[in-house]
Amino acid sequence: MEALAAALVNGLLTGGVYALVALGLTLIYGVLHIVNFAHGSLLMLGMFAAYLLATKAGVDPYLGLPLVVAFMGGVGWGLYRFVIGPVSRGEDRAILLATLGVAVVLDNLALVLFTGDTKQLETGLTFAMAEVGPLLLSVPRLISFGVSIGLAALLWAFMALTDTGRAIRAVAKEPEGAKLMGIRPERIFALAYGIGIACLGAAACLLLPIFYVSPYVGNVFVLVAFTIVVLGGMGSFPGAMVGGLLIGVIESLGGMYMGESLGPIGISAVFIAALLLRPTGLFGVKA
Amino acid sequence: MAIADVNSTGGIKALGGAKLEALLGDAQGRAEIAASLVDQMAEAGASGFTGCFASPLGLAATTAAAKYNIPFAIDSGIVDAITGRGLKNVFRLFPNLSMTIGGAMPALDSINKKAGSPAKTAVVVHEDGEFGTNTAKQQAIALDAIGIKCLELLPHATPTRDFTNIALKIKALKPDLVMITNYQNEYVLLARTLVQQRVELVGTYSILGGGFNLKFAKEAPTVAEGMIDFNHWYSVKNPRSAAFRKRVEDSGNITTFEVIFGYFAIKLLADAWERAGSADKERTIEALSTSTFSDHFMPYGPTKFVNGQNTGSQAVALQIQKGDMEVIWPDAFASKSAMFPRPRG
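Chains as they are written, first to last, in the numbering used here: chain A, 7 to 293; chain B, 31 to 375.
These are calculated hints, taken from the structure and not from any lab test.
Each hint can be trusted.
Interface residues of chain A toward chain B, partial, derived using beta-carbon atoms under 10 angstroms:
no., residue
1, G122
2, Y222
3, V223
Quick list of the computed label-pair ranges, beta carbon to beta carbon:
no., chain 1, residue 1, chain 2, residue 2, range
4, A, V145, B, K150, 30 to 40 angstroms
5, B, D354, A, A166, 47 to 57 angstroms
6, A, L73, B, E182, 43 to 53 angstroms
7, A, L10, B, P251, 29 to 39 angstroms
Here are a few chain A residues that sit away from chain B, every Cβ distance over 12 angstroms (derived from the structure):
no., residue
8, V65
9, P72
10, P92
11, G152
12, L167
13, A176
14, K179
15, A279
16, F289
Quantities reported herein were computed from a predicted structural model and do not represent experimental measurements.
Built from N, CA and C at the ideal position, the CB exists for glycine as well.
Sequences are here, hints too, so could you generate the full structure?
Following this line, the structure appears as C-alpha cells:
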C-alpha cells in the first residue's frame with residue numbers, strides 16, 4: 007500500500023512538469039495547427055540557459071525562472087517572426103520542416119558549445135525531502151508540481167480573460183474572420199509561438215534541479231509531451247494538464263508494478279487506446 | 031598535447047628530429063565514415079593512426095587500416111575484438127573489456143574483505159539493453175563467487191526519467207551493495223535518487239560506470255562522495271600525473287579517461303618510430319610488437335603486447351573522496367584507503 011501511494015504521488019509530481027512541457031506544445035498546435043518539432047531542442051536551450059545562469063551568475067533556477075521565461079519567450083517570438091514565418095510563407099508543411107530545421111541547428115550548436123557531456127546542478131534544495139507519513143517527497147519535485155499548476159492556471163486565465171488571449175483564440179478558430187476584426191494573424195502566430203516556448207523556459211527551470219542537462223535532454227521529454235497532447239486533445243489546455251498528470255501516474259505505476267523496463271509500455275498502451283477509442287483525445291473536440 | 035610534447039622535445043630523434051603532424055577527421059559516430067577517413071588519410075600518407083573513441087568505430091577503422099598495414103594505436107575502444115581478430119597492425123595499450131570485468135570482482139572482494147566483509151548482499155541495477163543485461167547476469171554470477179548474494183537484478187529503460195521506484199525497491203530489499211551498470215545520464219540520476227530516498231548502503235560499485243568521472247565528482251559532490259567504480263585511470267601517486275592533470279585543467283578542460291587514452295596512444299606510436307628508427311610500416315609494427323614502452327604514468331609497467339593487446343595493463347578501483355578521484359585498489363597504486371563502508375549522512 008505504501009508502495010502504491012509512493013508511486014501515485016511520485017507520478018503526479020512528475021506529471022506536473024510533463025504537463026508544462028506539453029502545454030506549450032498544445033498551445034502552438036492549437037493556434038498554428040502544426041506540430042512543433044523544435045520543442046525538445048528548445049527545452050534543451052532553456053535548460054542550458056538556466057544552467058548557465060546558475061553556474062556563471064549564481065542565480066538559483068527558481069529565482070531565474072522569470073528571466074529564462076522572458077528569454078525563451080523572446081527566442082520563440084524571434085524564431086517565428088524571423089525564421090519559421092518567413093521560411094514557411096504560411097504553408098503548414100513548410101512550417102513543420104522549418105521547426106525541424108531549427109531543431110537540427112539547435113542540437114548541433116549545443117553539441118559544439120557544450121559537448122555531449124551530461125551536466126547537473128546541486129542546489130541548496132536538491133536533497134531537501136518532505137516527510138509525508140511514510141513517504142519521502144523531494145522538495146524540488148513538489149515545487150515543480152506547484153509552480154507548474156500555478157503557471158497553467160495563469161496561462162488559462164490569460165487566454166480566457168484578456169483581449170490578447172481572446173485574439174489568440176479567435177485566430178486559432180478562424181484566422182480569416184479574426185483578420186476582418188482587425189487582428190493580424192501573423193503577429194498572433196509569433197506571439198503564440200513565443201508563449202509556447204516561454205512555457206518551456208519555465209519547465210526548464212523547474213526540471214534543472216531534478217534532472218540533468220545535455221544536448222539530447224529534449225528528446226527525453228518531447229515524445230512524452232506529444233503523447234500527452236494527443237491523449238488530452240490537441241490544442242486543449244485542460245487536456246494537457248490532465249494528460250500530463252495521467253501519463254506521470256501511468257508511468258510511475260507501470261514502473262512500480264511491471265518494472266522500469268516494461269513500465270514505459272503503459273504510456274504507449276494508453277496512447278494507442280486513446281487513438282482507438284477517442285481519437286479527439288480526452289478534452290478535444292471534433293473538427 | 032602529445033604531439034606538441036614530442037615535437038617540443040626534438041621530434042622523433044631516430045628520424046633526424048622528424049616532427050609529428052596530425053591529420054584530424056570527425057567520424058560523426060558512424061563506422062562507415064571512420065573507415066572512409068582511414069582511406070583518405072592513408073592516401074594522404076599517414077604513418078600511423080589513433081582513435082576512434084567508440085568500439086564500433088574502432089572495429090571499422092582498424093579493419094580499414096589493416097588494408098594498408100598502417101599501425102593503429104587504439105585509444106578508448108574497449109571491446110576485445112578490436113585486437114582479437116588477428117590484425118597485425120592494431121595495438122591497445124589499455125586493458126580490454128574482458129580484462130576490466132575480470133579484474134573488477136577480485137578488486138571488490140579485496141576491498142570488502144579488507145573492511146571485514148561488510149557487504150554480504152547486493153542488487154544490480156542495469157540498463158535493459160544487451161550491454162547492461164549481459165553484464166548484469168555475469169555480475170550476479172561473479173558476486174556469488176566472492177560470497178556476496180545477489181538479491182535481484184533491477185533493469186530499467188534508457189532513458190529513465192525518474193528512479194524513485196527503483197530506489198524504493200532497493201530500500202525494501204535492504205542490500206549492502208548496489209551495483210550500477212548503465213549509461214551516463216541514468217547513472218547520475220540513480221545516484222542522486224539513492225541519496226534523496228536515504229537508501230542506507232555499505233557502498234555502490236560500478237564497472238566502467240557511465241557517469242563516473244571528475245566532472246561528476248565536482249558537479250555533484252554530495253551524491254558522488256564514496257561511490258566506487260572499476261575503470262581505467264592513471265597512477266595518482268606518480269608525480270608526473272599531477273603535472274599532466276594541471277596542464278589539462280589549465281587549458282580549461284577536465285582530465286577524463288579519454289584525454290589519457292589519446293595522449294598515451296600517440297606517445298606509444300612515437301616510441302615505436304624511435305625504436306624502429308624508421309616510419310616504415312613493417313618495421314614500426316615489429317617495433318610495437320616487441321615494445322617495452324614505459325614512458326607513462328598508468329598503473330602498469332612496460333608494455334607486453336600479445337596479439338596487439340597490452341597484457342600488462344590493468345584497470346583500477348576508484349573512489350570519489352572529497353570531490354576527487356582516488357585509486358583505492360590495487361594497493362601498490364592506491365593513493366587513498368577505501369572508505370568502505372561508505373560514510374553515512
